[in-house]
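Residue strings, one per chain:
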Amino acid sequence: MNRKHRTKNPNNNKLMLAFHFLRALARINKSTSTVSSYQRSCIIKRAAYASMAHAAGPRRAWSRALLYRLRRGSSRLHALPAIRRTRSFSHKRVKVASPKLREPNQADVLRRLVPGGEAMELSSLLKETAHYIQCLSAQVWLMQNVVGSITS
Amino acid sequence: MDPPSLVSQVPVPEMWQFPPVGVPPSGPRVGRMVPGPEVAAVGNRDASLDESTVTEQSGGSRGRRKRRDSASEDESSKLASTSSGNDLTDSEVKRLKVIKSTNETSNLKMEAEASSGICNKTMNQNPPPTEPAKQDYIHVRARRGQATDSHSLAERARREKISERMKILQDLVPGCNKVIGKASVLDEIINYIQALQRQVEFLSMKLEAVNSRINAGIEGFPTKDFGAQTYDTASSLAFSTQPAREYGQGSATEWLHMQVGGAFERVT
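So the sequences go chain by chain: A and B.
Position one of the first sequence corresponds to residue 1 (my numbering), numbered consecutively onward.
Position one of the second sequence corresponds to residue 153 (my numbering), numbered consecutively onward.
Hints listed in this document are in silico derivations from the structure and should not be mistaken for laboratory results.
Fair warning: this is a prediction, and the values are worked out from it, not measured in the lab.
All C-beta atoms, glycine included, are put in the ideal place defined by N, C-alpha and C.
Any given hint might turn out to be false.
[Claimed, not checked] Covered stretches of chain B (in silico footprint by chain A; criterion: 3 or more residues with CB under 8 Å from a CB of chain A, positions within the stretch not fixed):
#1 313-323
#2 335-342
#3 355-366
[Claimed, not checked] Derived pair list, reagent style DMTMM-like, types lysine to aspartate or glutamate, alpha-carbon separation capped at 20 Å:
#4 B:Lys319 - A:Glu121
#5 B:Lys334 - A:Asp108
#6 B:Lys334 - B:Glu316
#7 B:Lys334 - A:Glu121
#8 B:Lys330 - A:Glu121
#9 B:Lys319 - B:Glu340
#10 B:Lys313 - B:Asp323
#11 B:Lys358 - A:Asp108
#12 B:Lys334 - B:Glu307
[Said to hold, decoys possible] A short list of chain B residues far from chain A (calculated; beta carbon distances all over 10 Å):
#13 Gly327
#14 Gln346
#15 Val352
Looking at chain A on its own, in the form it has when it is part of the complex:
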């Protein structure tokens, strides 16, 4: 049923995002009462990313990569740890830098930021980035609303 609703129209994407995230929040609220607050915030963050990826569906490369990363249980999800990591393996792996891009570094930074974008060619990377930005901003919007509705 979820799958059917997911692919119907783009607005449903947002709805599915809300559904997944709220369900995950309810689950977290139920289960984890003994762990520390930092761990709980990490769990909530993971739930946010997982619900985002679930709502985006399995067709997107970034959502697949994100889910894989979450399932593997790597704690370093995003921004700053990712930069640290890639500095370590940038000498191992030679990227195919497109010749016409003046700064190949920026494309590489983008590749690191978008999950699953490491092996991507530039045009598909840009496509994935656009969708990822949409979903991420929707997630931020949703979380802000949830926080606002709880505090008010």
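Following the hints, position chain B against chain A.
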């Protein structure tokens, strides 16, 4: 940097007004150009002249203009290649040259707008157009003096695709329209993504704090804050009703209520 103020400036709901990125209205037609009426009419000079003037006026829709231009270029290059080998009269050849020169002017302008420098390089190489491009399914311009072998055609198509997607991204990222240059656009995009990711992190921390405070309050005063409701139903309602109402989608909202309720009962 203050994350909540940053994102509250961002017009997030408007982003969803854009079509889904997978199927942009003009995006997937890069590879296979369907020859429209203007392609059929491109043989005579007036039509192509009209086209160039029209496209010069429409500064806003660059993708469309590129498509049109390249359609006419394809046609002209094909004609040129046939004219080199076949039996066209002199006047026809001259006319073709005129067409191509008008195309050249508009192309030069377009090239100045395109941020990649390879177009100039391939033009300076100036190889003779030996073979006609495969105009059936590849929609790439092959101007006079441009390389028409399959590699450069594919490269040109790829570049066009990239710039189109960059344009989509520029529309998505706020404040990115004023930025000129591919590098700075990419910078903006990177900054925006990082800001959003930090925002998610911050909000999850905030959510946790708020949540634990509510939990503590409920444990302290079990029935005072939420009336007769128990803690579980109260928290689920607090999560589910408010955002769902903001989506405002009629039956879909009811469906969400039903789903959240059912899922919650399953969880409990």
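Quick check: which numbered hints come out false for this structure?
8, 11, 14 and 15
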